[in-house]
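Enquirer: Given chain A's structure and the hints, the job is docking chain B onto it.
Order-wise, the sequence lines are chains A and B.
Going by our numbering, 74 is the number at position 74 of the first sequence; the sequence numbering is gapless.
Going by our numbering, 31 is the number at position 31 of the second sequence; the sequence numbering is gapless.
One or more hints might be untrue.
Stated by the list, open to error - One side of the interface only, derived from the structure: several residues of chain B facing chain A at Cβ under 8 Å:
1. I7
2. D19
3. I43
4. N44
5. S47
6. A48
7. D51
8. V62
What the hints assert, rightly or not - With a straight-line Cα cutoff of 25 Å, these simulated DSS-like cross-link-like pairs (lysine-lysine) come out:
9. B/K24 / A/K18
10. B/K66 / A/K212
11. A/K590 / A/K415
Derived by calculation from the structure, the hints in this document are not laboratory data.
All C-beta atoms, glycine included, are put in the ideal place defined by N, C-alpha and C.
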Amino acid sequence: MKELVYPFNGIDIMRRCKKLRKELLSDGSVRMKKKIAVLGGSTIGHIVSALELFLLNNGIEPEFYQSEYNKFYEDAVFGSDGLDSFAPDIIYIHTTSRNLKYLPDRPDISEEEVQQRLNDEISFFRSIWTALEKKFSCPIIQNNFELPLFRQTGNYDCWGLSGQSAYINRMNLLFAEEAVRNNDLFINDINYLSAAIGLEKWHDPEAWYMYKYAMSTSVIPDLAYSAASIIKALFGRNKKVISLDLDNTLWGGIISEDGIGGIELGTETAVGMSFSEFHSFLKVYKQYGALLTVCSKNDEENALAGLRHPDSLLSPEDFVLIKANWENKDKNISDTANELGLLTDSFVFVDDNPAECAIVEEQLPETAVIHLKSTAQTMYEMSRSGFFEVTSVSGEDIRRSEMYSANVKRKAQQKSFTDYSEYLRSLDMKAIIGDFQPILLSRIAQLTNKSNQFNLTTKRYSEAEIKELSCDPGYIRLCGRLSDKFGDNGIVSVVIGRIEQEILHIDLWLMSCRVLKRDMEFAMLDELVRICREKGIRKLMGYYYKTPKNNMVAELYARFGFALISTTENGDSVWELYTDKYTNKNNVIKVN
Amino acid sequence: MNRSEAIKRLNAVFCDVFDDDSIKIADTTSAADIDDWDSLEHINLISAVEDEFGMRFKMKEVSGMKNVGEMLDLICERGN
Numbered sequence: 001m002k003e004l005v006y007p008f009n010g011i012d013i014m015r016r017c018k019k020l021r022k023e024l025l026s027d028g029s030v031r032m033k034k035k036i037a038v039l040g041g042s043t044i045g046h047i048v049s050a051l052e053l054f055l056l057n058n059g060i061e062p063e064f065y066q067s068e069y070n071k072f073y074e075d076a077v078f079g080s081d082g083l084d085s086f087a088p089d090i091i092y093i094h095t096t097s098r099n100l101k102y103l104p105d106r107p108d109i110s111e112e113e114v115q116q117r118l119n120d121e122i123s124f125f126r127s128i129w130t131a132l133e134k135k136f137s138c139p140i141i142q143n144n145f146e147l148p149l150f151r152q153t154g155n156y157d158c159w160g161l162s163g164q165s166a167y168i169n170r171m172n173l174l175f176a177e178e179a180v181r182n183n184d185l186f187i188n189d190i191n192y193l194s195a196a197i198g199l200e201k202w203h204d205p206e207a208w209y210m211y212k213y214a215m216s217t218s219v220i221p222d223l224a225y226s227a228a229s230i231i232k233a234l235f236g237r238n239k240k241v242i243s244l245d246l247d248n249t250l251w252g253g254i255i256s257e258d259g260i261g262g263i264e265l266g267t268e269t270a271v272g273m274s275f276s277e278f279h280s281f282l283k284v285y286k287q288y289g290a291l292l293t294v295c296s297k298n299d300e301e302n303a304l305a306g307l308r309h310p311d312s313l314l315s316p317e318d319f320v321l322i323k324a325n326w327e328n329k330d331k332n333i334s335d336t337a338n339e340l341g342l343l344t345d346s347f348v349f350v351d352d353n354p355a356e357c358a359i360v361e362e363q364l365p366e367t368a369v370i371h372l373k374s375t376a377q378t379m380y381e382m383s384r385s386g387f388f389e390v391t392s393v394s395g396e397d398i399r400r401s402e403m404y405s406a407n408v409k410r411k412a413q414q415k416s417f418t419d420y421s422e423y424l425r426s427l428d429m430k431a432i433i434g435d436f437q438p439i440l441l442s443r444i445a446q447l448t449n450k451s452n453q454f455n456l457t458t459k460r461y462s463e464a465e466i467k468e469l470s471c472d473p474g475y476i477r478l479c480g481r482l483s484d485k486f487g488d489n490g491i492v493s494v495v496i497g498r499i500e501q502e503i504l505h506i507d508l509w510l511m512s513c514r515v516l517k518r519d520m521e522f523a524m525l526d527e528l529v530r531i532c533r534e535k536g537i538r539k540l541m542g543y544y545y546k547t548p549k550n551n552m553v554a555e556l557y558a559r560f561g562f563a564l565i566s567t568t569e570n571g572d573s574v575w576e577l578y579t580d581k582y583t584n585k586n587n588v589i590k591v592n
Numbered sequence: 001m002n003r004s005e006a007i008k009r010l011n012a013v014f015c016d017v018f019d020d021d022s023i024k025i026a027d028t029t030s031a032a033d034i035d036d037w038d039s040l041e042h043i044n045l046i047s048a049v050e051d052e053f054g055m056r057f058k059m060k061e062v063s064g065m066k067n068v069g070e071m072l073d074l075i076c077e078r079g080n
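For reference, chain A alone in the conformation it holds in the complex:
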């Protein structure tokens, strides 16, 4: 729903909240159900309402637990029956500077005392996080602190020992340090948000006096959007690709008319600078794992010439695919998605031409469209959109673009073979398949949350859950890494089986779509059966739970040679395989 994507009209969203909710819930889309506990240090009612809308719009149907007014500490540390039995998938702690207990309160306070107060304050929050982690081992989202609107001492407030702004800034640093150390803690940066919106607009003391809202009701949607961005990122609903137009989007002018010497790019002109800055801005997304592609109405020759402009910071090699042709742009985006093995709902399309934007919006409503009016505005829109919210950085993220580029090269090689298995053998594939290693836990958790298509049960695990499971003898765990002569794909497949006497229940079987049709799934199954035989497990039970996205594996267990036991009306199915009947299936990948 377009009105729920940044830039949105927050006041209108709140006014039509009930109607929007009804529309979303009846739009026929299937969403993952998640339990979200919101623990508040002030009123949270409308924050939860807005959060619900933004999550519904991102494919997540939340069920909420809401703490009693200002009972965030009690609920967390002493527990409450309501929260304990709710068993949240994620916890959002909505506290603000109104909840700081030890703010400096006199001019002659010493550095030691301020240190002590900071220490008491952070210990208070640490005790909340620790208690929650111990009980629920799930991700925790924690607001940091907004700066005050009133400063009795003026500028002194930001540097004097007794300054409140100074204290708040130090607290925010302490929170950041905690989040770096604690993989399950994520900061919702209301310090940035309140500054970006403006403290004058953010603060509304009367909303506090009347309703105990710690900010103006008009900024509640912004706050909720920010928290929702983290939540949807944690559940793998980020965008993956930025698909860019060229003329007047990556450079000023039209290359087919102005020629390579006539387009504006580089530091010579103001317009040129604006595009250069946009290039460096986009490169950062690439560094964090987003894929860049070109989607432009141009001759390919001209497109490549433009990207080889001496002042272009982006080169053709920065794009995993370049579609410069005269096809419709929605078709080019669909084709790009197909070739990369991604879905069009993970695309963000950027174009300066409103007509092109309108066509893509119309034909691919699931694709996010940014109409570039100026690069400055587009950069702000993208950065506030939450499309690429980062919650962790894995080696995989950093190398993603490279890996997809290698895939495009593989595709080219495939064309020179008529026999597919010959092509597979030509790749010289090697796999390492083994138990979860501590260093891989974060990548494994990330995969369980990101994989939608090649995923039999779509069961999501937090990093804490994966960690717990990784030393439980009641499970067989496999993760597989695949490399070939074009490069290393990294960890691409994860299997989790739960042992019940002589039966192994396959709770999770997923594979990254990067390595579709490479027989990696057979290599994984061979290894799984080998381990099962070693442990005296006679039977594997496979489960397929249908989602709107995992149709490609509906028949996977059949291809594996499992026998179908039952199906349900909604398309789920259960399968079994006796390990003594199994013969190895992989003969193109060298394992371990």
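Expert: Using the frame of chain A, we list chain B on its own:
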């Protein structure tokens, strides 16, 4: 502001906030007449009305308004 114009626009706000297009407000309409008009929705209503008419209610007014008529008086006096 003219009262008949105000009541038309105010009615639209009520329909949106309570998601009920059949609502027809009158001067005597109060929280007792609309099922969903609880304290939480009251906050939402006040914000939406303030935005619609580009005005701000005083704290005393927010807690003191007894019915739509009193709200309309304030809107006619200060709304845009």
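Enquirer: Each hint should be assessed against the structure and marked as holding or not.
Expert: To see whether the hints hold, each was checked on the structure:
1. I7: violated, 17 Å
2. D19: Result: holds, 4 Å to nearest chain A Cβ.
3. I43: At 5 Å from the nearest chain A Cβ, B/I43 passes the 8 Å test, so the hint holds.
4. N44: Result: holds, 6 Å to nearest chain A Cβ.
5. S47: Result: holds, 5 Å to nearest chain A Cβ.
6. A48: holds, 4 Å
7. D51: holds, 5 Å
8. V62: holds, 6 Å
9. B/K24 / A/K18: holds, 18 Å
10. B/K66 / A/K212: holds, 22 Å
11. A/K590 / A/K415: Holds, at about 23 Å.
This entry does not satisfy hint 1, going by the numbered hints stated previously; all others are met.
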